[in-house]
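The listed protein sequences correspond, in order, to chains A and B.
Start counting at 1 in the first sequence, then tack on 1, and there's your number in this note's numbering.
Start counting at 1 in the second sequence, then tack on 80, and there's your number in this note's numbering.
If you are wondering where the hints come from, they were derived from the structure by calculation, not from laboratory data.
It cannot be assumed that every hint is accurate.
If you anchor each label on the Cβ, the simulated ranges turn out as follows [said to hold, decoys possible]:
| # | chain 1 | residue 1 | chain 2 | residue 2 | range |
| --- | --- | --- | --- | --- | --- |
| 1 | A | 34 | B | 179 | 24 to 32 Å |
| 2 | A | 10 | B | 136 | 52 to 60 Å |
| 3 | B | 309 | A | 10 | 54 to 62 Å |
Calculated from the model, a selection of chain B residues having no Cβ within reach of chain A, i.e. all distances over 12 Å [what the hints assert, rightly or not]:
| # | residue |
| --- | --- |
| 4 | 179 |
| 5 | 224 |
| 6 | 232 |
| 7 | 238 |
| 8 | 288 |
| 9 | 315 |
| 10 | 372 |
No residue lacks a Cβ here, since even glycine has one placed at the ideal position from N, Cα and C.
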Amino acid sequence: MNEKLFRIISIIILILGAVSTAVLVAYTFYLHEHCSIISYIANGG
Amino acid sequence: MRLFQQLSTLFLLIMCFVGFDISVYNLFTKRYINNTSEQMQAKSIELDKYLPFDDDSEVAETDTDFKLTENLPVVDGAAALYPVFSGFVNAVYPKESVIFDGENFTPESSLQYTNTLKAYKSVVDGGADIIFCAEPSDEQLQYAEEQGVELEFIPIGREAFVFIVNNENPVNNLTVEQIRGIYSGKYKNWSQVGGDNTIIDPVQRIEGSGSQSVMMSFMNGIQMKKNLFGFMGRAVGFSFRYYVSEIVENGRVKMLSVNGVYPDKENISSEKYPITVDFYAVYRKDNSNPNVKLLVEWILSDDGQEIIEKSGYVPIE
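In isolation and in its complexed conformation, chain B is listed as follows (with noise of 0.2 Å):
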């Protein structure tokens, strides 16, 4: 009998461990298993699927007579932006000035990539020429102010800012309120808009970062809140279309209408789709090399715009 209470008791102790540790799993860990490929969770994109002068690449490609040989700028840029500025390397700069190492490009390459947190302290810096990103927070603004330097922003195409749920969320549609009220804690279950009653997990991305900034435009001030048991529910977050759409594909999420309208291309050059935000071309307005304007002056063109438009995105008019 004594034997028998004490392999109870050493059976009690192992499950109490085991159903612990399965529980701290299903509700957190497998949440956050990142299920993209080991360049994506690194680097937001796979670089090589959008590298210039590259015979596999899906970059986009356009005939132009406009080329570059020399005070070549160094572009840089947000990741969804990527395929965008290496189309604008690919159609304008010589093969040799794009170095690629396998992961990376070298410091030495006219093309870099590091994504708009740092894309935006290089151009500032004099690291790169200019950036390819969507708007500036206000600390990176404050850095530029700091640093003394004053940044032109070219808009160049538009892009959908799009909400993404689950698929299994039966939410197809929200209204820029409601997003607002999400995003500010005053609608804290589905239920209250539409769903079912589920909490709502409201995901924002690290400050500084393209999307981020740009919702924080969005909520126009209004301060945006976490629900401390969104962990409990189903999330909503924000990205931009084609990063969500082409570049991710991640077929588990999917993109939600706003006001009733679809964030498609034809909905957001007809600006029905009420979220589009211009997307810029950057760089220092004391930036002594000619190249730098004839490069952003052929974006602006019809070549450079196609580029644009064969890369996913939409035009500027």
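With the rest of the complex left out, here is chain A (with noise of 0.2 Å):
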């Protein structure tokens, strides 16, 4: 694999990989606004 190839796959990854984690992270805010009391110690909270 050439050095650009392997540099152009890298990047695609890290904006895949960071995008993501960043729609995990914003998900996980929306879920915590609206999560039960009841619902939390449910799933082991």
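Since each chain comes alone in its own frame, lean on the hints to assemble the complex.
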């Protein structure tokens, strides 16, 4: 694999990874705002 | 060899993100997934389950000669008490006075449901004539005072204030002192109160909600603290007995005994359970609708108290 291709694939993975993590964190905050105490405890909290 | 290094680097990069996301999901995300119905999530209760004048409703019924036909007081209140005040409407109001659009009651309906926070504002502002709630927060009392409104609080029934944990938590009982110690930050590990070596996560509700106001009153001036690392441990929360055991009915949580007494109906009415609270009919003292006081008088009568009893709560003496 030439260096240029390797860099492009690395950058794509970094971007996709960062986006997926950001979405997961945002989703978690959303759930946190709407979760009831009973659900939280039932889920093992 | 170079290709192998490049592929290994890419694989490692992917695994870093995957590993991090899985950790975030397991530590945080999955704990916050609400496992109740959409209606429960939006309104804290399934309104149509206790709808008045509905054949499939689970609302409590009683035979009574007391009927209101005009000047109907608009009633509203807390989620935990919705089955009760829906039962009052079912027994006393004409059927056409309640208009449910499938999601909530229309503004013309004499039965409203906005939950504690909005109900207190509504009764002060004159939107609701009577609300059915637990004791108010200091902010709610202050709002009424700022508006120059005096509220009348009539106790109409009793309920246990309960503490809940996950079923897998080995603790089944706490003393009042231990509960205050947990919420004040004195006890931070379940092993300090008879459990296993796990961090305690003392969760609270939003300020102004009925159960949060009762909890603040129960703490008797002691400031409540959150545990920053609580997410790594096991939680304890609070609510009202009927809401936990009958309305939500989540089999994965259990109610704790307090001072060795379990919060069942018998122990509430005999006052053996140490944390029982009154719930109230609340109305403006200057409300000129004569049916407001007549309705409250009926609620305190045998017929009204029967609704409270049949709804699963404890009647007032």
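Here is what the structure says about each hint:
no., hint, in the structure
1, A:34 x B:179: 24 to 32 Å, "holds (31 Å)"
2, A:10 x B:136: 52 to 60 Å, "holds (59 Å)"
3, B:309 x A:10: 54 to 62 Å, "violated (38 Å)"
4, 179, "holds (28 Å)"
5, 224, "holds (27 Å)"
6, 232, "holds (31 Å)"
7, 238, "holds (22 Å)"
8, 288, "holds (15 Å)"
9, 315, "violated (4 Å)"
10, 372, "holds (32 Å)"
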